[in-house]
Amino acid sequence: MSILQARELDIGYGATRIVQGLSFAPPAGKVTALIGPNGCGKSTLLKAFARILKPTQGELTLDGQAYASLSARQLARHIAFLPQVLPVPEGVSVRQLVAYGRSPHNSLWGRLSGSDQAHVSQAMQRLELDVLADRALADLSGGQRQRAWLAMVLAQNAPVVLLDEPTTYLDISHQVELLDLMGELAAEGKTVITVLHDINQACRYADHLAVMHGGKLVADGTPAEVVSAELMRRVFEVQVQVMQEPVAGTPMCLVEKSTRAKA
Amino acid sequence: MIRPRLRLWLLLGLLLLATLVSLSAGTLWLTPQTVFERLLAHDVLDFEVWNHRLPRSLIAILAGAAFGLAGAIVQGVIRNPLASPEILGVTQGAGLALTVAIISWPHLPITWLPLVACLGGAGGALLLALYNTGVSFSGVRFALSGVAIAVTLSSVTEFLILSHPLDINTALLALTGSLWSRNWHHVAMVLPFLVLIPVGLCLTKPLNLIALGDEAAHSLGTALSRTRWSAMACAVLLTSLGVGVIGPIGFIGLVAPHMARRLVGGHHQYLLPAAMLIGALLLVLADTLGRTLIAPSEIPAGVLTAVIGAPYFLWLLARFRG
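Protein chains in written order, with the working numbering: chain A, 8 to 270; chain B, 51 to 372.
Just to be clear, a hint being listed does not mean it is correct.
[As the list claims (entries may be wrong)] Label-pair distances were calculated between CB atoms; the ranges are: (1) A/Pro44 x B/Leu194: 37 to 47 Å; (2) B/Leu169 x A/Ala145: 32 to 42 Å; (3) B/Leu194 x A/Ala145: 23 to 33 Å.
[Said to hold, decoys possible] Stretch-level coverage of chain A by chain B, calculated; a stretch enters the list once three of its residues show a Cβ under 8 Å from a Cβ in chain B: (4) 98-110; (5) 113-121.
Calculated from the structure, these hints are not laboratory results.
Values in this document were obtained by computation on a predicted structure and should not be read as measured data.
Where a beta carbon is used, it is the ideal one built from N, C-alpha and C, also for glycine.
Isolated chain B (complex conformation) (with noise of 0.2 Å):
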């Protein structure tokens, strides 16, 4: 039997190795010196790494491990592989809500993203319940329906991003999923997460329990629709706040929980910290590799994301019986 702990420590070594990768590297790259050095002078006039670098690993680091923990909260509460905020219509329905807010409010303070990343996020995963409501459930139908309101949703967006071509410049750098640009009142705004996600742990004990399937999971005391709605709700809201900042970051919340099941098996107090822990890692190193592969100019992180998570979710939808 594998050692989770021990694979807890060394995704975070990882991750804070791939932290400082993310520090150094850039236009402009560093010597790992030399980022301690400014890390510790919180110079104001440090463009690189205090003004720029630093703020953007801190945002990917925590939208990461939320987007990582909203997956493996979502897999476990609805015990398939292939549920994820992205699956669901989460991420993409946040989207909509923010190029709708962008073009109809083009004035409308950043702050307020967030919020409005929320309500949409809500309002895709609501629009996916409806329609599996009425029959019974079925793993396949669920996950397949998910990714029909997904695309609908995204292409909407797509729809509305072309023919508003005065505003494309806000929205797609709102919407594109790319931590460019992001600085430290984008970290206030993420500031949530420290909330979130000691919330989104509490329930690490009835995901365990849900595991055993409904019957054994009630019969130990779970109060199962209370956990059911609870563990919805913290998903497509950790799920959305990170949207609301950074974009539509796809897969991330697909191939987290997944690869973590791998590592650490499915005791959730291991699964839980093992998917934030990888959501993070994939997160800086597809914003590292972004800015770093083609400069000056830069991939988004979300395009990178997909290129790996695409793939991956084929795989594992050719490997699903269920």
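Next up, chain A with everything else stripped away, as it sits in the complex (with noise of 0.2 Å):
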């Protein structure tokens, strides 16, 4: 189990600084998804945990260790990380994508050995892409391009998994069994962070909430500890009613009209 520590981090580009002073330790073993309006924050903070991103201020750590003193292929051994925008490589097929998560595993050609193959293509199977294994990227559809990449993830198999919003191009299915995907990685006690657009969603599938807005930390819990109407009003500007979900029992919240005011 790998933890991450972040503290006082300041992260910006040139002058604007878009994350200010904040420290949070995301629970090891659990889902924690990011939440918060367009530009709070959520993505910048996601990078700087997966080191695109170099905090100006502040300091990040895995297992106690400081970023700085990790190489790009240690850390890549125990930080995957999706980005949100995926291009499309040129003649690349799917199980060469796949095969490129088992990198920080193997060696400089890149080959793999038996128990790489074994990672990838157990993680083809979890996201059933045996029959487009062989398909050019470019040939397939935005969603099946989308689980071809996380398979890759999952082949990396690293202890803590970052995904930047990876629902957008799935639809409700594929959506819902990306966010179970979730669940059963933190069940095998990886760290997953995730940012989600949906707040019920995210509060259906996440262990836990860290709630942005303005570049800061403003709440952080479980989904009961955290959601509340006036939480809704303060930082999205919505005016919502708290319910709880029938199903699974979490929050939900059912919109009942924007508080925004119009410029």
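Each of the two chains sits in its own frame; use the hints to bring them together as a complex.
This is the structure we're talking about:
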């Protein structure tokens, strides 16, 4: 089990600071959803956890070790990251893409050992990609491609999995499968952190919510502890009724109206 | 899905066939049987095969492979099918450096030329890098500014050659992009390729990952800036060394990787070898055609590659939306 910790982070591009003074330790072995309005810094925080962005202030640690002391390869063995925007590499098959997930573990030449092969075929089975294995990524639909990338992240088999809006291109049944998959990964002991837009999905499927607003962490806890009509009005500028979701018993927000001041 | 391994073997077969044709063809046509007999004889007095055509073909194979590999590396690292050493000013920078060196020090031994070419090639790449820093990266801007730098450098070269007519013979010999009168001494000069090419092939894995975008490549353990620098350095050396021995040969670094991508896909374990084989094949063919079409005169190989390559580049540019 790997433990991530952020202390007093400032993150920004140039002069603009997007995240300010943020301290956060996502619970290990759980699914944490980062939620917040557009531009609140949730993707930025996720990228800092993936070390794609370097904080201007503060410190990030993995199992107590500072990020700066870890090589790219060491970090990749512990942290997998699925970007929000996924390019379509030309002339690459699904099986090849999934096998690239083994890169932090295999040799200079990228040759796959027996255990690498096992991880690859397991990941492809889990996302039902066997029939697509030899198809070129460019020939697939957006949703199929998204699943291929997810399989790549699974093949990486890192104890921490970061997903940036992974449900975007999926239809509802594949969304549910993905959200269930996150739960399975957490049950296997992995720490999953994901940016989600749908607050009700986040409440239903995440163990832990981290709510961001204006670059700061404003609430942090289980969905039942965190979600309230007052929080929704303050952070998302919507007036909601918070009810109990009839299937899982988690909080559910029913929107009444927007409270955003019109410009 | 295509079967890349089979296609690599086919390409190798084609290259061997083209080499055999190249050894047979010329002012004096030989049967393949005679070629084999002469190859086995190692006769120092054999002016067709052993002293002339064989070293030429070996240089064409190695230099063509190096140009193809350099192009595939550059296209991979910049993620742009329009990029290639001759579009980035590397080839022309090397050519200009050679011209200046030959004009300023007419007695410079030819073994120095590859080093001079490497400095010039690096200079050309640096110029392009400087022009493209401080703005957000755009594939089209990069390719077009590269073409502008390449054309500027080669026009300075032309000016120098035309305004220094006394040295024209030596300069033309080095600068037309031709394998004419290359011999075993020149083969020794391309031997560094036997180290550089394996080094280039070590980039397969990071290039595969860079194709997935910077964020994914980083998260899969690629040290991005280190990879970029070493890849560009490798491509500059591969190209410049080739230019130092046979002069600037255009378009192989652009066309070969592009054709390779269509044949074997984007997985660099196949793409890099395929680009090398196609580069070697193109240069062997260009050289063979060049010395048989109007024998006993010769058309420089660089002229023939440009005749094929320039329209190909225009076609690519028209198709490319970046």
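Return holds or violated for the Cβ distance of B/Leu169 and A/Ala145 against the range 32 to 42 Å. holds (40 Å)
Are at least 3 residues of the stretch 113-121 of chain A within less than 8 Å of chain B when you compare beta carbons? holds (count 3)
Given the hint of 23 to 33 Å, is the C-beta distance from B/Leu194 to A/Ala145 inside that range or not? Since B/Leu194 and A/Ala145 have Cβ atoms about 26 Å apart, the given range 23 to 33 Å holds.
Given a hint of 37 to 47 Å, does the C-beta separation of A/Pro44 and B/Leu194 actually sit inside it? Taking Cβ atoms as reference, A/Pro44 and B/Leu194 lie about 40 Å apart, which means the hint holds.
Tell me if chain B covers the stretch 98-110 of chain A under the three-residue, 8 Å CB rule, please? holds (count 8)
Every hint, counting from the list given before, is met by this structure.
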